[in-house]
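Asker: Sequence:
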Amino acid sequence: AEVVGVIREMAPKKIKVSMRSRNDFNVAEFAHPFGGGGHPKASGIRFDTSLEETTTAIITELENTLGMRQDLH
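At the far end of the sequence shown sits residue 73, using our numbering, and the numbering has no gaps.
Read the hints as simulated data drawn from the structure, not as lab findings. Here the structure is a predicted model, which is why all the values come from computation and not from measurement. Each residue gets a CB set at the ideal place from its N, CA and C atoms; glycine is no exception. Among these hints, one or two may not hold up.
Label pairs and their in silico Cβ distance ranges [unchecked claim]: (1) Ala42 <-> Leu66: 26 to 32 Å; (2) Gly67 <-> Ala11: 28 to 34 Å; (3) Pro40 <-> Asn64: 16 to 22 Å; (4) Asp24 <-> Glu53: 25 to 31 Å; (5) Met10 <-> His32: 27 to 33 Å; (6) Asn26 <-> Thr60: 17 to 23 Å; (7) Arg20 <-> Thr60: 16 to 22 Å.
Take the sequences, apply the hints, and build the full model.
Answerer: Take a look at the structure:
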């Protein structure tokens, strides 16, 4: 896997996303536009949206980001 994420609902509309990367995918760079941060191989993001909205936002952005990376190869 290029990147792995765990999405946890801490309370209603209080979501925590933890991400890890093995290869060249920089999860800290990915998290930054969402207000998150961390290290290139481990980062986190907090959301004040529903679990469904958070999951959709993360998956959509991962698909877009990984799709762009694949187009470069």
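Asker: For every hint, state whether the structure bears it out.
Answerer: Going through the hints against the structure:
no.: 1; hint: Ala42 <-> Leu66: 26 to 32 Å; verdict: violated (18 Å)
no.: 2; hint: Gly67 <-> Ala11: 28 to 34 Å; verdict: holds (33 Å)
no.: 3; hint: Pro40 <-> Asn64: 16 to 22 Å; verdict: holds (19 Å)
no.: 4; hint: Asp24 <-> Glu53: 25 to 31 Å; verdict: holds (29 Å)
no.: 5; hint: Met10 <-> His32: 27 to 33 Å; verdict: violated (21 Å)
no.: 6; hint: Asn26 <-> Thr60: 17 to 23 Å; verdict: holds (18 Å)
no.: 7; hint: Arg20 <-> Thr60: 16 to 22 Å; verdict: holds (20 Å)
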